[in-house]
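Each chain, letter by letter, is given below.
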Amino acid sequence: MPLGLRSGFAVDIAVRVLLFAFIGVAWNLMGGYAKQLSLGHAAYFGLGAYTSTLLLIKFGISPWIGLVAGGIVAMLASLPIGWLCFRLRGPYFAIATIATAQVFMLLFLKFRDFAWGAEGTTIPFLGNAPLMMQFSGKAPYYYIALALLVLGLVITYTIERSWMGNYLVAVGEDEDAAEAVGVNAPRIKRDIYLISAFLTALAGTFYVQYIYFIDPNTAFSFNVSVEAALVSIVGGIGTLWGPVLGTVLLEPTSALLQSWLGASHGGVQLTVYALILMAVILWRPTGLLGLLTDAYHKLVRRDG
Amino acid sequence: MLATLAQAVVNGLLIGGIYALVSIGVTLIFGVVKIVNFAQGEFLMIGMYLSFFLATRAGMDPLLSLVIVMPVMFLIGMAFQHVLIRRVLGLGDMPQIFLTFALSVLLMNVALLLFTANYRTVQTPYTDAAVHIGAVYISVAKLIAFVLAMVFSGALTLFLQSTDIGKAMRAAAQNRDVAMLMGINTDLVFAVAVGLALALAGAAGALLMPFYPVYPAVGQVFVLMAFVAVVLGTLGNVTGALIAGLMMGVAESLGIQFVGADSGLIVVFAMLLLTLAIRPSGLFGGRAR
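For the protein sequence lines, the chains are P and Z, in the order given.
Under this note's numbering, think of the first position of the first sequence as 3, with each following residue one higher.
Under this note's numbering, think of the first position of the second sequence as 2, with each following residue one higher.
Everything labelled a hint here was simulated from the structure, so no lab data went into it.
In this text the structure is predicted, and so the values were computed from the model without any measurement.
Certain hints may be false.
[What the hints assert, rightly or not] Example chain Z residues on the side facing chain P (calculated, C-beta under 8 angstroms, incomplete):
#, residue
1, ASP94
2, ILE98
3, PHE99
4, LEU104
5, VAL232
[Said to hold, decoys possible] Computed footprint of chain P on chain Z; a stretch qualifies when at least three of its residues, placed anywhere within it, have a C-beta under 8 angstroms from a C-beta of chain P:
#, segment
6, 86 to 93
7, 125 to 133
[To be verified] Partial pick of chain P residues on the chain Z-facing surface, computed with a CB cut under 8 angstroms:
#, residue
8, LYS37
9, LEU39
10, LEU86
11, LEU90
12, LEU108
13, GLY122
14, ILE235
15, ILE239
16, GLY269
17, LEU272
18, TYR275
19, ALA276
20, LEU279
Here a beta-carbon is modelled for each residue, glycine too, at the ideal position from N, C-alpha and C.
Same shape as in the complex, but just chain P:
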């Protein structure tokens, strides 16, 4: 077992931490750097999940190929969605993105001939079949999720240090001013949306392969959209490590709360999430990372 994690429960939490950190990283590229606050990333998570599952079940195509196919489908979908939603700014952009994710969920709920409708489907278990992204143990899932997160971080790191990163931050700070100095804002927003959608779709494929089940409420869950934004904001919006830090705090907390209180206390997890989010916004808008940086600077100043 990786990292000395003994129990299946611990590995499961680790996989979820890595996966949601990755989704947060994907969201953060657009929501954090360019400040396009999407609340509809579940659309791409779900498209990735459904693309690979349809390819697997209807055509027997490996989810490894489905993974990339799902990413491409998500990119293609992000073009018209972005074209529509980027007409709005700020809160109304967020609302329009919620609407797009909801439309996908409703469509997949409705068309049962095409994709199993509201009941969803289980993914056939083929035994230990690495080529079909199926494993008997949990460790391989851990490493795949880790690889995804590393991919997301490398992409973020590269963008952060390129001209694109500067343009994104400029658009995020003040779109009109950025355009005035020659940044092609619509284009940069479209491009980062493509990347963000692609990465989010990878997470979707991985997730349904991990839980062996897909239905519209799981794949297009509003919680995915929320959590993507939440971990980024709590950890430190618009920073490389922010989403990772946020997930490390939130995801185990919620898993532990759930295992302590059980399903009978539905609502506790989101109540806690909401309180943490409000506390961060009111007292520490730079997130945990900001808190740590400040503490570090204080220590250094005291030492020097």
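Add chain Z to chain P, keeping to what the hints say.
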């Protein structure tokens, strides 16, 4: 066919009155305070629970409970502005969106913890009553809700047009700094605006109670409609929100009638996306955003 169509339009208009109340609240806060209140639906939910408990514990008719629900929600609104919104004004989109969004999630889940996910209804003498006009069937409870919703919308418009604080509110909406220079107490004006918006959400809740079940997530249905209506009706425009709210009701009802029982929302979202594609500044007025 014609009767079915008329019935669908009437049903839509009646529920559209409720959408209009929620939409006007959203657009009032946006117009004056410049933030979008994602928690508006949860305030409707609180209004419904208030009305529900007044009905079940104190035997008060939901319509009579308006005289308690609206003032209570008004005060909650002033507190909401003073304690929370005031702290994120001018801080940019992220804190403004996610503060009210977090509040929405918080209220919904606290309600879930307190009241469970059960649907609760209140039976009134007029809950199942109906009048017939030709072949069209009109629920009395919905008709009363619609009429009162229109009365409250009209009263708000009148208030904004003719009272000093209403004028101050419109001034603050146009230009906060200049309004302050003119001696307007913007803190008070903002608090009254949010208070009024919440009183309307509470009113919508109490008006729904005779014919609609209350549950913790009930606000989500209405707030989504309101957001679409507000985008459609041009942000910050009260009359626009009113008309668009009614339109949303009709669109949803026609969707249910002619596309399928679960297609109301698809029609509504399609309308939103279509509006964005054709006329992103909304139907009423060309203010850019």
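Go through the numbered hints given earlier and state which of them the structure violates, listing their numbers in rising order. 7 and 13
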